[in-house]
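For reference, the chains in residue letters:
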Amino acid sequence: MRFYKNLSIPQKQIVWAWAFLALPVLFYVVIRFYPTANAFVLSFQEWNLLGDRKFVGLENYAKLFSDPVFWKVFKNTFMYLILGTPISLVLSFIIAYHLDKVRFMHGTIRALYFLPFMTSAVAMAWVWRWFYQPVPIGVFNNFLASLGFAQIEFLSSTTNALPSVLAPAVWAGLGFQVIIFMAGLRAIPQSYYEAARIDGVSTWTVLTEITIPLLKPTIVFLVVFSSIGFLRIFDQVFNMTTNNPGGPLNSTKPLVLLIYDTAFNGFNMGYAAAQTVVLFTILLVVSLIQLRLLKDS
Amino acid sequence: MKLHRLRTYILGAATAALTAAATSASAVEIEYWQYFFDARVKAMDQLIENFEAANPDITVKMTHFPYDSYRTKVAAAIPAGQGPDVVQLFYGWLNDYVEAELIQPLPADTFPPEKIEEEFFPMVKAMRMGDSYWALPTAVRSLALFYNERMFDEAGIENPPTNLDEFVEAAKKLTKKDGAGNLTAVGITTGMTAQDHHWIREVLIRQFGGEPYLDDYKKVNYENEAGLKAFGFYNDLQAKHGVTKAAFMDEPQAAFKAGRAGMHIDGSFRIGALENVRGLKWGVAELPAGPDGTKSNYSSYWVNAITSKAEGEKFDAAVKFMEYLTSDEAMQIWLETVGELPAKPSAAMTDENVNHPVYGPFIKGLEYAKTTVFANESAQRQTMVDMMQRIELQGQALEESVSQAAGEEQKILDEYYNK
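Respectively, the protein sequence lines represent chains G and P.
At position 13 of the first sequence the residue is numbered 13 (the numbering used here), and the sequence of numbers has no breaks.
At position 166 of the second sequence the residue is numbered 166 (the numbering used here), and the sequence of numbers has no breaks.
Hint data in this document are derived by calculation from the structure and do not stem from the laboratory.
Ideal placement from N, C-alpha and C gives every residue a C-beta, glycine not left out.
Worth double-checking, as some hints may not be accurate.
[Stated by the list, open to error] Beyond 12 Å from chain P on every Cβ pair, some chain G residues (computed):
| no. | residue |
| --- | --- |
| 1 | R32 |
| 2 | W126 |
| 3 | R197 |
| 4 | W204 |
| 5 | G246 |
| 6 | F280 |
[To be verified] Not the full set, but computed from the structure, chain G residues with beta-carbon under 7 Å of chain P:
| no. | residue |
| --- | --- |
| 7 | I137 |
| 8 | I179 |
| 9 | A183 |
| 10 | S191 |
| 11 | L249 |
Using the sequences and the hints, build the whole thing.
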């Protein structure tokens with residue numbers, strides 16, 4: 001107590017700040033940092049959930065990098081990112097840009113775009129999964145068949161499956177991105193637009209010289225946010241391919257699903273931890289690159 | 001003075017410990033763990049009630065967990081000296097549990113191996129390691145052929161097929177297509193992700209004269225004539241006869257439930273789900289026999305075992321409880337509540353059970369059923385799923401695809417057994 005009394009006021013403030021921070025710090029150490037560190041250690045071990053953990057050095061990583069399935073999955077994960085992020089960003093920007101100008105039933109339309117984002121990913125994935133089925137239950141194929149066209153194999157084709165799984169994921173994320181874009185659009189001062197109108201500048205120039213440059217912070221946020229989302233895609237893939245997770249022939253399997261499978265079907269925890277460390281590294285590197293590229297120009 | 005007080009404490013603690021021991025001597029409490037599945041919990045409640053009535057000095061406390069976290073909880077609790085004295089596990093996990101020293105062998109005086117082998121169905125042998133049995137099932141599951149009676153009547157088929165030739169013929173008659181040639185009802189459901197991989201492994205390969213594995217399931221043995229014939233037969237159902245499509249209507253059981261599949265091979269655990277489907281009239285038959293009349297089936301089961309934590313009087317109580325769980329009475333209760341089949345012929349092969357229109361064919365299958373010892377069931381199944389998809393989607397030759405799958409599966413087995 002005397003020790004506390006002898007402190008200066010700024011020092012006391014620091015003591016109090018740490019007193020209040022203690023709880024979140026403790027929480028993060030126990031819930032976040034400890035398991036993370038543990039996962040790193042585990043990635044050098046062999047463990048089947050039962051029994052003791054055994055150190056095996058770099059064996060898990062060696063096995064991972066020589067596994068063709070891992071490289072296939074690695075490629076898929078980036079396909080989700082490379083297709084998903086630009087498509088969803090362009091779509092949501094176009095929608096937000098035009099929705100911003102619409103006055104008629106503005107709130108309703110916005111709510112309709114936002115609705116899929118609030119729906120549970122599991123329920124949505126299952127509904128889309130049934131949409132994609134061949135005749136007699138799939139909506140899309142029944143429609144094609146009734147017009148006399150040949151059926152399209154959506155989920156049971158090695159080439160169409162990944163885009164088919166991605167489509168609902170993009171659709172579901174759209175609402176959120178539209179809202180963020182609209183907030184960004186609203187934040188641009190009207191005076192720039194007024195000045196442009198006085199100068200008689202074309203709509204295209206206004207878009208490319210005023211709107212998009214001033215939206216940069218919004219775009220940076222959305223790119224990073226949606227990239228992390230697509231790199232971690234799991235719900236949609238797992239639920240749309242539960243019978244053969246990540247199939248057919250691993251053509252839709254993302255890294256997270258591989259980790260899940262290794263850990264909870266194979267009970268190969270060390271190997272799964274190594275895969276997790278790789279995912280962590282990818283997320284870190286991709287986020288850093290994007291922040292670097294988009295932040296300063 | 002201080003020392004005196006310490007002594008009082010120690011004396012007090014000792015007295016308390018003694019009293020506790022005395023109370024537990026009059027009523028031993030043992031813990032039983034299983035994963036949560038409504039019917040299983042209900043059946044176990046009833047078994048515990050009966051057991052406690054017969055053994056008033058023992059109480060059994062049941063704890064259950066969601067399936068996902070079951071294995072983790074068991075693994076964490078037992079080494080810490082907590083958790084169950086008797087535990088339920090899947091037969092395929094036995095190796096892992098024994099290696100991790102979570103369970104102990106059943107005492108040979110109460111459960112002599114010769115007696116078990118005499119009393120139980122033969123596939124229970126998989127629970128023997130060395131000279132002793134480590135776990136025993138109350139109930140087992142097997143496969144049978146479900147068929148849609150309405151579709152059979154429409155197609156003019158009187159009896160369910162008894163061999164593979166009749167099976168293909170029936171499937172052809174049951175298949176329906178629309179004007180553009182799209183399938184609207186399949187003769188037989190197929191889907192390697194459902195039960196078909198078991199059907200091929202333990203049934204078709206044996207029926208075409210092979211043996212799926214050698215050396216206690218450590219060596220893959222279907223990259224040969226019998227294997228090729230079995231996979232060829234299966235592949236022809238879709239590729240040549242056009243009586244099915246893999247994953248038609250998403251899932252085989254969904255197609256059968258919706259009345260859009262004439263026949264469907266599935267396990268006894270499917271009975272409950274089909275019982276209350278409105279407008280579906282279905283029957284069950286034994287799996288069709290092979291070209292030379294060979295019958296085979298696949299059986300899987302959950303077993304109960306005594307954990308390494310149980311010692312002294314708890315061990316004795318656990319042994320008594322295990323005896324009850326493997327009694328004919330317990331098996332009949334399990335059959336009636338859960339719909340799983342008794343693990344002993346003495347309980348299963350009663351006239352009533354064998355002639356039962358639904359359970360009968362499954363129970364007959366148990367007599368010649370085999371149990372695959374898996375190293376990693378889902379990974380081994382995946383090799384077969386991929387095998388068929390390489391043929392269907394990428395046009396790979398059957399022989400090449402079977403050979404690739406055999407190689408992949410052997411690698412899984414080698415990694416597991418040679419670590």
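Numbered hints the structure breaks, given as an ascending list: 2, 5, 8, 9 and 10
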